[in-house]
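**Q** If you count by my numbering, then the sequence shown holds residues 1 to 134, one letter each, in order.
Because the hints were derived from the structure by calculation, they are not lab data.
Please read all numbers here as calculations on a predicted model, not as lab measurements.
Please note that a few of the clues may not be correct.
[Claimed, not checked] Within a straight-line C-alpha distance of at most 25 Å, the following computed SDA-like cross-link-like pairs (lysine to any residue) qualify:
| hint | residue 1 | residue 2 |
| --- | --- | --- |
| 1 | Lys105 | Pro90 |
| 2 | Lys105 | Leu29 |
| 3 | Lys105 | Gly33 |
| 4 | Lys105 | Leu9 |
| 5 | Lys105 | Glu16 |
| 6 | Lys105 | Gly28 |
| 7 | Lys105 | Leu6 |
| 8 | Lys105 | Ser92 |
| 9 | Lys105 | Gly116 |
| 10 | Lys105 | Gly91 |
| 11 | Lys105 | Gly15 |
| 12 | Lys105 | Asp58 |
| 13 | Lys105 | Gly24 |
| 14 | Lys105 | Gln36 |
| 15 | Lys105 | Phe8 |
| 16 | Lys105 | Glu82 |
| 17 | Lys105 | Leu118 |
| 18 | Lys105 | Glu7 |
[Said to hold, decoys possible] Okay, the calculated beta carbon distance ranges per label pair:
| hint | residue 1 | residue 2 | range |
| --- | --- | --- | --- |
| 19 | Glu83 | His123 | 10 to 20 Å |
| 20 | Ala125 | Leu75 | 35 to 45 Å |
| 21 | Glu7 | Asp58 | 32 to 42 Å |
Quick reminder that beta carbons are idealized off the backbone N, C-alpha and C, glycines included.
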Amino acid sequence: MTWGPLEFLVLTFPGEAPGREAVGALAGLRRDGEVQVVDSLLVAKGADGAVSSTELADVPHLSETVAGRDAQNNLIGSEDAEEIGETLEPGSCALAVLVEHTWAKNAAEAVRQAGGQLAASVHIAPENVPGEGS
């Protein structure tokens with residue numbers, strides 16, 4: 001399978017799991033076809049510091065919200081979960097999501113067919129854009 005541009009996102013939340021409402025925006029992007037959720041993982045750090053991870057598809061109240069049926073690729077591994085867990089505060093969780101930017105897939109394919117490749121990709125936080133967030 002040929003993928004379009006992929007992005008790995010880690011969203012953190014207080015508590016054991018994000019609520020359905022907290023991930024509604026991602027779910028909307030998936031439903032609208034702007035992104036495809038390639039893989040997802042919920043990582044939680046208990047109050048005792050123990051880290052656990054679960055495929056989002058296995059979390060009943062969230063499985064269809066973000067993951068849908070298409071996010072079963074197992075590309076987010078145990079090493080990723082461990083690294084994410086190290087950054088979490090006790091009693092919090094993270095939603096790790098690998099998304100394909102389907103809106104750019106056709107453009108990416110045209111670039112590849114022309115012998116081109118993505119040389120750089122930089123995300124700029126809104127607070128770093130003059131006039132935004134200030």
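**Q** Against the earlier hints, flag every one the structure doesn't satisfy and list their numbers going up.
**A** Hint check: 1, 5, 8, 10, 11, 12, 16, 20 and 21 fail, others pass.
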